[in-house]
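Listed below are the residues making up each chain.
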Amino acid sequence: MSGILLNAFWGQGLVSSAEAIQSNSAVLTKVAVPPQIFTLAAAISASLNFAIGLIPLTLVVIISGSLPAVSFPLIFLVGLAMAIFISGLALMLSVLYIRFDDTKNIIGVLLLIQMYTTPIFYPISILDPDIQQIVRLNPINSFLECFRWSLTGLGPNSILNWMYIFLVSILSFTVGVKVFKKFWPRTVAML
Amino acid sequence: MAVIEVKNVHVTYRVLMNKSGSLKELFRDAIKGKARVIDYVALQDVSFSVDKGEVVAILGRNGAGKSTLLKVLAGVLPPTKGESKVNGKIAPMIELGAGFHPEMTGSENVLFYSVLMGREVKSVRERTSTIGEWAGVTDHMDFPLRTFSSGMIARLAFATATDEQTEVLLVDEILSVGDADFQEKSKARMHELMNSGAAVVLVSHDMRAVLELATRAIWLENGHVKMIGNPEEVVAAYEAN
Numbered sequence: 001m002s003g004i005l006l007n008a009f010w011g012q013g014l015v016s017s018a019e020a021i022q023s024n025s026a027v028l029t030k031v032a033v034p035p036q037i038f039t040l041a042a043a044i045s046a047s048l049n050f051a052i053g054l055i056p057l058t059l060v061v062i063i064s065g066s067l068p069a070v071s072f073p074l075i076f077l078v079g080l081a082m083a084i085f086i087s088g089l090a091l092m093l094s095v096l097y098i099r100f101d102d103t104k105n106i107i108g109v110l111l112l113i114q115m116y117t118t119p120i121f122y123p124i125s126i127l128d129p130d131i132q133q134i135v136r137l138n139p140i141n142s143f144l145e146c147f148r149w150s151l152t153g154l155g156p157n158s159i160l161n162w163m164y165i166f167l168v169s170i171l172s173f174t175v176g177v178k179v180f181k182k183f184w185p186r187t188v189a190m191l
Numbered sequence: 001m002a003v004i005e006v007k008n009v010h011v012t013y014r015v016l017m018n019k020s021g022s023l024k025e026l027f028r029d030a031i032k033g034k035a036r037v038i039d040y041v042a043l044q045d046v047s048f049s050v051d052k053g054e055v056v057a058i059l060g061r062n063g064a065g066k067s068t069l070l071k072v073l074a075g076v077l078p079p080t081k082g083e084s085k086v087n088g089k090i091a092p093m094i095e096l097g098a099g100f101h102p103e104m105t106g107s108e109n110v111l112f113y114s115v116l117m118g119r120e121v122k123s124v125r126e127r128t129s130t131i132g133e134w135a136g137v138t139d140h141m142d143f144p145l146r147t148f149s150s151g152m153i154a155r156l157a158f159a160t161a162t163d164e165q166t167e168v169l170l171v172d173e174i175l176s177v178g179d180a181d182f183q184e185k186s187k188a189r190m191h192e193l194m195n196s197g198a199a200v201v202l203v204s205h206d207m208r209a210v211l212e213l214a215t216r217a218i219w220l221e222n223g224h225v226k227m228i229g230n231p232e233e234v235v236a237a238y239e240a241n
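Top to bottom, those sequences are chains V and E. Position 171 (the first sequence) corresponds to 171 in this note's numbering; numbering is contiguous. Position 80 (the second sequence) corresponds to 80 in this note's numbering; numbering is contiguous.
In case anyone wonders, no lab produced these hints; they're calculated from the structure. Some hints here could point you the wrong way.
[Claimed, not checked] Among the chain E residues that face chain V by a calculated CB cut under 8 Å, a handful are:
(1) Y13
(2) R14
(3) L23
(4) L26
(5) K71
(6) G75
(7) V76
(8) L77
(9) P92
(10) G99
(11) L116
(12) M117
The C-beta atom is built at its ideal place from N, Cα and C for all residues, glycine as well.
Construct all of the structure, not just a fragment, from the sequences and the given hints.
Structure, rendered in structure tokens:
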């Protein structure tokens, strides 16, 4: 369940944030407002949905006889890192969404592939050790491990995972802002 | 002092020549070496300035670059080359109701649109009921916008856009909003804003309105300024063309 919640945050958050600029084109072509606001607002909205989704998940944890771990508040750090990660990627993707109609379909397929290659419905331990090394490069896997550990105190946890999620988030955001800044003046004309 | 200064502005769009705007097709064309990018020049070396209290009309056929010029002035579209400087607050009346959301109430839309235009939340909240009253939609302000008629939306959008005194007014086509009474009311408000010293840039195909309102006219053709001068001369030359 925790995997589904986090994956929904990631997938839906990415798509809605990447679409946000295109769906607000009516405003952006008439009033001078920073377009990034719409992407960030969509990422924040996805974070709020994630926070609401945490309520039933926490209840299930309690009903099933466990108590949320002491590390529970760290979930909000995972959420923050994910929102930053999504915002950066969405800023880059929003340029493609405006320029190419089929970007949404391609991203949908890629997200599906990513979902099945991330240990959401199965434990990572069932994979071949060499494959495990490759899967561990997937940032969503690290987000998931940090989230599961924060929620229940169970499962693998390492400082490297935490460093990795914050590193990819900051990197995604920095690159996203730069790419967007570079391509936006040419892209706005296509709205 | 010029409120609007446009110096040697060029706007060039890079257009990808693939048929459907699809990433898949671009990939295929790129592999086959068929991907082509062409530069489409929308504005070419456009220069002019607008002083306080002036009403400048932009004339030209469809595709001449009028809307692109308004977008440059509104700060929405950065020029590829050159400089566009606007000193003061802009009220862009380019498409009334653009940005209004059907699920938000009338009051929420007024607040949202006003904030986008850079107004203060507190003062907008205080003015919301006055805006609704002026637009004649007081009873509907707490209902979602989807329950409004198109005339009511246009009236509310006009009332919101013109509620605050601005230094620059960008108008795309003279507005004929709502019924006859409201049209008179909106015309009076437009005149009030123009007479209060705002610099106005007006795009119109209505030559009568141009001659009635404008103090100067600019004729755009294929992205460059073909003629600039007093409205009578420019309109006569444009119509004779």
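Going through the hints against the structure:
1. Y13: 5 Å, holds
2. R14: 6 Å, holds
3. L23: 4 Å, holds
4. L26: 7 Å, holds
5. K71: Hint on K71(E): holds, closest Cβ of chain V at ~7 Å, below 8 Å.
6. G75: 3 Å, holds
7. V76: With a minimum Cβ separation of about 5 Å from chain V (threshold 8 Å), the hint on V76(E) holds.
8. L77: 6 Å, holds
9. P92: 5 Å, holds
10. G99: 4 Å, holds
11. L116: Check passed: Cβ of L116(E) comes within 5 Å of chain V, closer than 8 Å.
12. M117: 6 Å, holds
Violation of the numbered hints given earlier is absent; every hint is satisfied by the structure.
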